[in-house]
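These are the residues of each chain, in order.
Number of protein chains: 2
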Amino acid sequence: MQQELIALLGADKVSVATDDLATHAIDKWNFAASPEVVVFAESTDDVSKVLAFAHQNKIPVTTRGAGIGYVGGAVPIQGGIVLSVARMNQILELAPADGLAVVQPGVITKTLQDSAAEVGWYYPPDPASLKECSLGGNIATNAGGPRCLKYGVTKNYVMGLEVVLADGTITRVGGRCHKNKTGFSLTELFVGSEGLLGIVTEATLRIIPHPQRRAMLTATFAQFSEAAAAVQTILNSGHLPSALEITDAFTLQAARDYLGADSLPAGEAHLIVEIDGRNSAVEAELPELESLLSTAGALSIETHRDDAACEAVWKLRREFSYSLRATGLTKLNEDIVVPRSKLVELVEFAQELAANTGIPVACFGHAGDGNIHVNLMVEDYDDPEKKKPADAALDQLFNWILANRGAITGEHGVGLAKKRWFQQAVGEANFSVHQAIKNALDVDAVLNPGKFLG
Amino acid sequence: MQQELIALLGADKVSVATDDLATHAIDKWNFAASPEVVVFAESTDDVSKVLAFAHQNKIPVTTRGAGIGYVGGAVPIQGGIVLSVARMNQILELAPADGLAVVQPGVITKTLQDSAAEVGWYYPPDPASLKECSLGGNIATNAGGPRCLKYGVTKNYVMGLEVVLADGTITRVGGRCHKNKTGFSLTELFVGSEGLLGIVTEATLRIIPHPQRRAMLTATFAQFSEAAAAVQTILNSGHLPSALEITDAFTLQAARDYLGADSLPAGEAHLIVEIDGRNSAVEAELPELESLLSTAGALSIETHRDDAACEAVWKLRREFSYSLRATGLTKLNEDIVVPRSKLVELVEFAQELAANTGIPVACFGHAGDGNIHVNLMVEDYDDPEKKKPADAALDQLFNWILANRGAITGEHGVGLAKKRWFQQAVGEANFSVHQAIKNALDVDAVLNPGKFLG
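If you're matching them up, the sequences are chains A and B in order.
The numbering of the first sequence is the numbering used here, which starts it at 224 and goes up by one.
The numbering of the second sequence is the numbering used here, which starts it at 224 and goes up by one.
In case anyone wonders, no lab produced these hints; they're calculated from the structure.
Which copy? The list can't say, so a pair holds if one copy fits it or any two copies do.
Distance condition first, Cα-Cα at most 30 Å in a straight line; then the derived DSS-like pairs of lysine-lysine: (1) K333 / K373; (2) K611 / K251; (3) K373 / K354; (4) K554 / K609; (5) K333 / K538; (6) K642 / K611.
Excised from the complex, chain A in its bound form:
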């Protein structure tokens, strides 16, 4: 296979080197499977040639962006070819006059954000890994982030795609227009398809005028339930913050252990309320929100008036993750979602789960849209004896989520990590629709086989 691919693409785009196979066997999840060969595509034509070849020879192809996925989506579980688009990393066009950017899939998300900001424009989706992850991966997983509360997820910013289909056919869906009702929503169908329906080789992304200003309030509360109630109060009072982030007592304790007891004001729950807009709007909204937080019973409220101050809070927030890692335990990070009114019940359930299983559970995340990262902190997950009860605890978590009309993944995708609960989550008829669409576009299951459609 290596020789045939070299004949198609040239030697510098094809590797079977041990280190290349190893780095392309994993993403950020806890499972590795080696490909037989890694292809570094440099153009749409390269991708098309690889897929035509793979299609003809029924060789699995797993597409890879920056390899920052959290669910094993880019892990080539059936071997074959890993097709990396990392070298396709050019911003082809930045066109504020049309309100769009045209990018290759390997562009790092923050690179686009920065380039847009330089000309006064904004690409809002902000997954936590935005400095490392690529837009192709964001599109494949329909990535989210804190600011999706106000701005929506990746799919809300994809206007058009160039896609290579399973047999190598190149097609375009959507386009350069901000509204487009020409046929089915094919652009959206490819967004979030996790490499199972086609390979994105170019994306036309919506950018919007950059907000003039952002600012933030942080508050602590005696109880998680009070912080959750404050979230509802804020939204019910006609405010739509750019982000509403909540953190539970367990996570705060880990942060205080790691960063020092004085790193955070007292309280068993922490809330971040970020807003953006025109200068004057932000200035006027801050005291309104402060008053709401105060009435909601906040123990402490701090105001962060500019970009640097906001970034410092986000940095602290990221330290929460490092604090959990510093416990020495394996963090099973599940990006579940609940209807927003169920936030308190979710955290209560997490506490019960921790008590019943002896596995600590840390909850923090995007309170505004109910997308909470529930982290099971597991000792020696590689030890089968420890893995078994941890996996049983995950089953309990996901059963609870589904019983409460939640979703098993909000922004990471299904990949391998959530595969076990996928059919239960969508139900039989929905699963059949998935299969029908997969069969319609990739009947031989060449594209990313072994994932949530088996």
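Assemble chain B onto chain A, guided by the hints.
Just chain B, lined up with the frame of chain A:
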């Protein structure tokens, strides 16, 4: 067929009465085709039974909401059954705590907007016909409207759907969560599918905190190009208005003829800039925008500070349409879209087209997203001798649109009206993907046959 349907559903849900057949033979476009029978479904179960029956007997089923479509999408061009969901018109749930409403497809769009507003929440999509059209139709066509510039189109507000598939199977896609990455974007796939992939029997729609205030500036300019430049200036200055609406000289002349010469300030182009947000934000932004408009060369600028004043402008704006109708000509309203930087070229092309064909062309619409309603004003369109050159002019328009990377429909859908340009618009490979998906979900073409997939 009538008797079998009565046996399935009961006599009061099935009609072959002449007037029912006649009213269900048309929508707002200019073509009629009578169904053999009209079914008034009252439940998901009714819809499922009809589709199972139709599927078994290969009878065409054309779904109908309020019948307000502009492209013949609900016209049963191959006869068979028109399945009306107009009786399924209940708001099942309004849940601000979860940020959502659950509705049946027959709910009138404005009814939901009003119900949400009463509890301080907002359902933004605002097609011009929102007092008459229904949410099921909005979903089928992915309806837009002026405020989509800031808030996005219908698909951005659909969280979950109950859908009856071609064979009568009931499925659910998406759900009650604001983020959901469980599998493919099936919710989005059904949104905008114009009745070709399934029938929506329930929708879970996102609502957001209601903006506290809205206000508006209206301005006139000596030239259309100056108004279009002002649109770019506003967006390039970091403002994201809720609406940016532009009107050309021909339309303004018709309005002055119809409403009186003094109904509008002097100028060959008219711009509406609507903003919303917190009180203080709106107050501060109005003078900033006024200054931008002034610098952009506006001949007149008027400020409209509250809801009532804004509504008066929207009422005037609707009169522009009536003014065109008052010319006595048939208005062929094409909701084309261009990349925003092409606005001026579009209107110049429209003027040339008018000059070359003798058919007046009126342009007005959503400048912010490039979605301009281009209205060809045709005399005696029913007369084949007049229809022919008008259709040839439409061909010229759509050829120009596609050559300039525009879209043939921004918010009305393809239906019958745009069918003739659909394949050209999407290209061969994309068309094949459409067919593959249609075949995967409705291989016998029971659902809305004769539309853009033949």
